[in-house]
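Participant: Sequence:
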Amino acid sequence: MNKIVFLTACLLTACSSKSTDNSNRPPNAFAIRVTNVTPNVATIAWTKAVDPDGDYVTYSIKGDNIDVRGVEATHYTFSKLKPNTTYNIIITAHDGKGGATDLKHHFTTEKEPTNNTSFNIPPALQNYYKSVDFTKAGRALYDELATLTIAKHSPFLEYGSRHQYLPKADRSANDANKVVLIYTGEVRSSRSKDVNTEHVYPQSKIGNTAKGDLHHLRYCDSKVNSKRGNYPFTNGSGEAALVNGDSWYPGDEWKGDVARMVLYLNLRYNEDLGEDISREGVDLLLKWNAEDPVSAIEINRNDVIEQAQGNRNPFIDNPYLATLIWGKANAQNRW
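Heads up: the sequence shown at position 104 corresponds to 104 in our numbering, and the numbers run straight through without jumps.
A portion of the hints provided could be inaccurate.
[Unchecked claim] Within a straight-line C-alpha distance of at most 27 Å, the following computed DSSO-like cross-link-like pairs (lysine-lysine) qualify:
(1) Lys211 <-> Lys287
(2) Lys152 <-> Lys136
(3) Lys104 <-> Lys82
(4) Lys193 <-> Lys211
(5) Lys152 <-> Lys168
(6) Lys111 <-> Lys80
(7) Lys227 <-> Lys168
(8) Lys82 <-> Lys111
(9) Lys80 <-> Lys152
(10) Lys168 <-> Lys223
(11) Lys227 <-> Lys193
(12) Lys205 <-> Lys287
(13) Lys104 <-> Lys80
(14) Lys82 <-> Lys328
(15) Lys211 <-> Lys152
(16) Lys178 <-> Lys193
(17) Lys62 <-> Lys80
(18) Lys193 <-> Lys223
(19) Lys168 <-> Lys178
(20) Lys211 <-> Lys223
(21) Lys152 <-> Lys130
(22) Lys62 <-> Lys97
(23) Lys136 <-> Lys80
(24) Lys152 <-> Lys205
(25) Lys328 <-> Lys111
Worth flagging that the hints you see were computed from the coordinates, not collected in a lab.
From a predicted model like this one, the values you see are computed outputs, not experimental measurements.
Take the sequences, apply the hints, and build the full model.
Facilitator: Now the structure itself:
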């Protein structure tokens, strides 16, 4: 879905006429380093503009319906762009004393992708997804699924009511009176003192509305949950473990579950998929979604949670939907 485009930029160096210090020199010329574009998002990165007088440099960006100021980093991401559209921009390096250096650039967003895969949606799900046009892909499909997921979400459950539903959602296939714990796969009573509730998308990083959403709540061993903390996820292998003291690997058997829950949180609440939640961003989540297929417990959870709060996690119903939206790893098509 991403496309790396290296473009030649036109440099224009100029000092603002507002400068009262004739000895002040503007920042040195700089250049576009890389442009990463999709149908609706573009990330522009450039080399640092060094000021010959040692002044602190910030950047502004102006162009077609774009006006951004006070940028301190040497990159910027534009969102909500129109597909297959050329944008002309000027990035200006400012030294804070009237000196300025301009860099002209343009980029063209990709065309909106389409889905050429034929789906055979199970009869039990056809009514639920009847409003979604599955010939779409990319942002267009994302928006349709988000609209459906939000509209179907009723009632909103309080966090305190989770124990009415999670014992059934997380129940063991071999013992209906016990639940399967995430990250370890152990089977225990949900009332055990050493079992608590894990927010797979850390509670400290989500809005209050999502706190009681059952789609990312799982029973977990209390010690494991404490060790997991609110660290971002990272890649690994084998069993769940803390990595380098600052990241969490959910385990080979749970990484797909985690990925689909986090992708749901983004779809439903627009929660961030950046490095604060995943060290390798959305790419890692898509990789896990492809590598670890949907499990029986996920299917059961989706059915139980729909009964409780009205909506489903579409990435459990069909992991391939994530592939259609974000590209990257080719996940299982369950339809």
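Participant: Regarding the pair Lys111 and Lys80, is the alpha-carbon distance no greater than 27 Å?
Facilitator: holds, 14 Å
Participant: Decide if the proposed pair is consistent with the structure: Lys104 and Lys80, CA atoms, cutoff 27 Å inclusive.
Facilitator: The hint holds at about 21 Å.
Participant: Please verify whether Lys211 and Lys223 have alpha carbons no more than 27 Å apart.
Facilitator: holds, 21 Å
Participant: Would you mind confirming whether the straight-line C-alpha gap from Lys211 to Lys287 stays at or under 27 Å?
Facilitator: OK: Lys211 and Lys287 at ~26 Å, within 27 Å.
Participant: Holds or violated: Lys152 and Lys136, Cα atoms, limit 27 Å.
Facilitator: With a Cα-Cα distance of about 20 Å, the restraint between Lys152 and Lys136 holds, given a limit of 27 Å.
Participant: Between the alpha carbons of Lys168 and Lys178, is the straight-line distance 27 Å or under?
Facilitator: Holds. Lys168 to Lys178 sits at ~9 Å (cutoff 27 Å).
Participant: Going straight from one Cα to the other, do Lys136 and Lys80 come out at no more than 27 Å?
Facilitator: holds, 17 Å
Participant: What's the verdict on Lys211 and Lys152, does the C-alpha distance respect the 27 Å limit or exceed it?
Facilitator: holds, 17 Å
Participant: For Lys227 and Lys193, compute the direct alpha-carbon distance and say whether it is at most 27 Å.
Facilitator: Holds: Lys227 and Lys193 sit about 17 Å apart, inside 27 Å.
Participant: Would the hint linking Lys80 and Lys152 be met if the CA-CA limit is 27 Å?
Facilitator: Roughly 24 Å between the alpha carbons, so the hint for Lys80 and Lys152 holds.
Participant: Can the restraint linking Lys152 and Lys168 be considered satisfied, given a maximum Cα separation of 27 Å?
Facilitator: Measuring from Cα to Cα gives roughly 21 Å; hence the hint holds.
Participant: Run the distance test for Lys62 versus Lys97: straight-line Cα separation, threshold 27 Å.
Facilitator: holds, 20 Å
Hint check: no violations occur; every hint is consistent with the structure.
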